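K.L.:
Sequence:
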Amino acid sequence: MLTLHVSLLSGRTVTLEAKPDHTVESLQVHAQTALNVCRGRLLDCSGDPLDAAATVEEAGLQTGQLLTLQMRPVEICSSVTGRAFAAILSDGSVATWGLSDFGGDSSAVQDQLRNV
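Counting with the UniProt record's numbering, you get residues 1 to 116 for the letters of the sequence shown.
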């Protein structure tokens, strides 16, 4: 079991425990709940985003490490024609909607749309 510290940019911090085989996403959800905030993304001590699909062990996290939960506003973009839209969510993932011929369906590449 690892003990990790997760901090918001405001300085508010929680201490969490995670098993090496837990996903970064589950750690992120636990941190969001403990900090009572909406979705964000976890950054390592260098400020690089962690892959939510990776395990704690795969991410190289170690006991005592300080992570940052970065909150981001949702960004919405549209195609030139206004027939398709994309939202870059606070966790770095992308949601699309609208006419598929204009980019409204990103399901074929959804696994590539991480840490945007």
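Keep in mind that the hints were calculated from the coordinates and are not lab data. Be aware that one or more of the hints could be misleading.
Listed next, with one range per pair, are the computed distances between beta-carbon atoms [unchecked claim]:
no.: 1; residue 1: T13; residue 2: G104; range: 18 to 24 angstroms
no.: 2; residue 1: G64; residue 2: R12; range: 16 to 22 angstroms
no.: 3; residue 1: G82; residue 2: R39; range: 24 to 30 angstroms
no.: 4; residue 1: R83; residue 2: T3; range: 29 to 35 angstroms
no.: 5; residue 1: G11; residue 2: T63; range: 17 to 23 angstroms
no.: 6; residue 1: Q110; residue 2: S26; range: 34 to 40 angstroms
no.: 7; residue 1: M1; residue 2: Q110; range: 18 to 24 angstroms
Computed from a predicted model, the values in this text were never measured in an experiment. Yeah, the Cβ is synthetic: ideal placement off N, Cα and C, and Gly gets one too.
K.L.:
Would you mind marking each hint as holding or not holding in the structure?
P.N.:
Status of each hint after checking the structure:
Here the CB-CB span from T13 to G104 is close to 40 angstroms, at odds with the stated 18 to 24 angstroms. The given range of 16 to 22 angstroms is respected by G64 and R12, whose C-beta atoms sit roughly 18 angstroms from each other. Look at G82 against R39: about 26 angstroms separates their beta carbons, and that is inside 24 to 30 angstroms. For R83 paired with T3, a C-beta distance near 49 angstroms fails the hint of 29 to 35 angstroms.
In this structure the hint that G11 and T63 lie 17 to 23 angstroms apart at CB holds, the actual value being about 22 angstroms. A hinted range of 34 to 40 angstroms for the beta carbons of Q110 and S26 is inconsistent with their spacing of about 19 angstroms. The beta-carbon spacing between M1 and Q110, approximately 32 angstroms, falls outside the hinted interval of 18 to 24 angstroms.
Of the hints listed earlier, those the structure fails to meet are numbers 1, 4, 6, 7, in rising order.
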